[in-house]
Amino acid sequence: GAVVSQHPSRVICKSGTSVKIECRSLDFQATTMFWYRQFPKQSLMLMATSNEGSKATYEQGVEKDKFLINHASLTLSTLTVTSAHPEDSSFYICSAMRPGAVAFFGQGTRLTVV
Amino acid sequence: GENVEQHPSTLSVQEGDSAVIKCTYSDSASNYFPWYKQELGKRPQLIIDIRSNVGEKKDQRIAVTLNKTAKHFSLHITETQPEDSAVYFCAAANAGGTSYGKLTFGQGTILTVHP
Chain A
1 GAVVSQHPSR VICKSGTSVK IECRSLDFQA TTMFWYRQFP KQSLMLMATS NEGSKATYEQ
61 GVEKDKFLIN HASLTLSTLT VTSAHPEDSS FYICSAMRPG AVAFFGQGTR LTVV
Chain B
1 GENVEQHPST LSVQEGDSAV IKCTYSDSAS NYFPWYKQEL GKRPQLIIDI RSNVGEKKDQ
61 RIAVTLNKTA KHFSLHITET QPEDSAVYFC AAANAGGTSY GKLTFGQGTI LTVHP
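Chains as they are written, first to last, in our numbering: chain A, 1 to 114; chain B, 1 to 115.
Rather than coming from a laboratory, the hints here were simulated on the basis of the structure. Here the structure is a predicted model, which is why all the values come from computation and not from measurement. Hints may contain errors.
[To be verified] What follows is a list of derived Cβ distance ranges for each label pair:
1. B/T69 to A/R10: 37 to 47 Å
2. B/I110 to A/E59: 20 to 30 Å
3. A/E52 to B/E5: 45 to 55 Å
4. A/G16 to B/Q81: 26 to 36 Å
5. A/E59 to B/N67: 38 to 48 Å
[Stated by the list, open to error] If you want the footprint, here are the derived chain A segments under chain B, 3+ residues with CB under 8 Å:
6. 82 to 90
7. 103 to 114
All C-beta atoms in this analysis are idealised placements derived from N, C-alpha and C, irrespective of residue type, glycine included.
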């Protein structure tokens with residue numbers, strides 16, 4: 001079946017630094033990918049929609065300058081958390097839609113900002 | 001935008017019993033309703049999905065029903081096993097609109113199956 005790969009799975013960074021997370025669709029082309037954030041014991045909250053070759057669409061309340069999204073190819077989207085702070089610590093997870101409306105998720109990235 | 005409500009937030013059953021989780025949605029344009037199982041620290045796994053052109057779908061011990069008029073859909077797990085214990089999320093999306101594939105998730109249900 002379709003596979004979406006996300007890296008890294010865990011990252012610890014210092015406050016003020018930037019972290020890049022990659023999301024790849026391995027066996028299908030994904031013109032659209034999605035980035036979610038999940039706090040402990042909570043649901044997945046959509047942060048932004050990543051569109052290949054164009055600007056990402058951010059959900060209300062999500063700072064586009066802080067969460068930079070780049071979707072440079074049909075198989076890769078990246079999320080960069082800039083100037084990270086402890087409150088950005090969370091589980092970030094991407095998904096890609098295979099034609100037919102089936103979403104597959106990456107493994108997720110546990111970000112800890114110290 | 002779409003709003004998905006999921007109940008209950010926690011569900012505890014004995015092994016072999018059935019479990020039912022219910023969701024309601026607000027956007028009548030939504031036409032795709034997947035259910036995901038998520039174990040701690042792992043990615044959500046699609047367990048079953050249903051489209052708005054059918055009312056029920058079954059896959060072994062798992063079934064999903066959809067009532068478009070009432071805008072609600074439910075997950076039914078029969079003969080539950082301890083390995084069914086996880087967090088379950090419902091979601092809704094408009095699979096053909098401009099927001100293609102944008103899933104709106106319910107709040108999640110923590111299912112615990114006691115041996």
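Evaluation of the provided hints:
{"no.": "1", "hint": "B/T69 to A/R10: 37 to 47 Å", "result": "holds (45 Å)"}
{"no.": "2", "hint": "B/I110 to A/E59: 20 to 30 Å", "result": "holds (25 Å)"}
{"no.": "3", "hint": "A/E52 to B/E5: 45 to 55 Å", "result": "violated (33 Å)"}
{"no.": "4", "hint": "A/G16 to B/Q81: 26 to 36 Å", "result": "violated (47 Å)"}
{"no.": "5", "hint": "A/E59 to B/N67: 38 to 48 Å", "result": "violated (28 Å)"}
{"no.": "6", "hint": "82 to 90", "result": "violated (count 0)"}
{"no.": "7", "hint": "103 to 114", "result": "holds (count 7)"}
Of the numbered hints listed earlier, those contradicted by the structure are 3, 4, 5 and 6.
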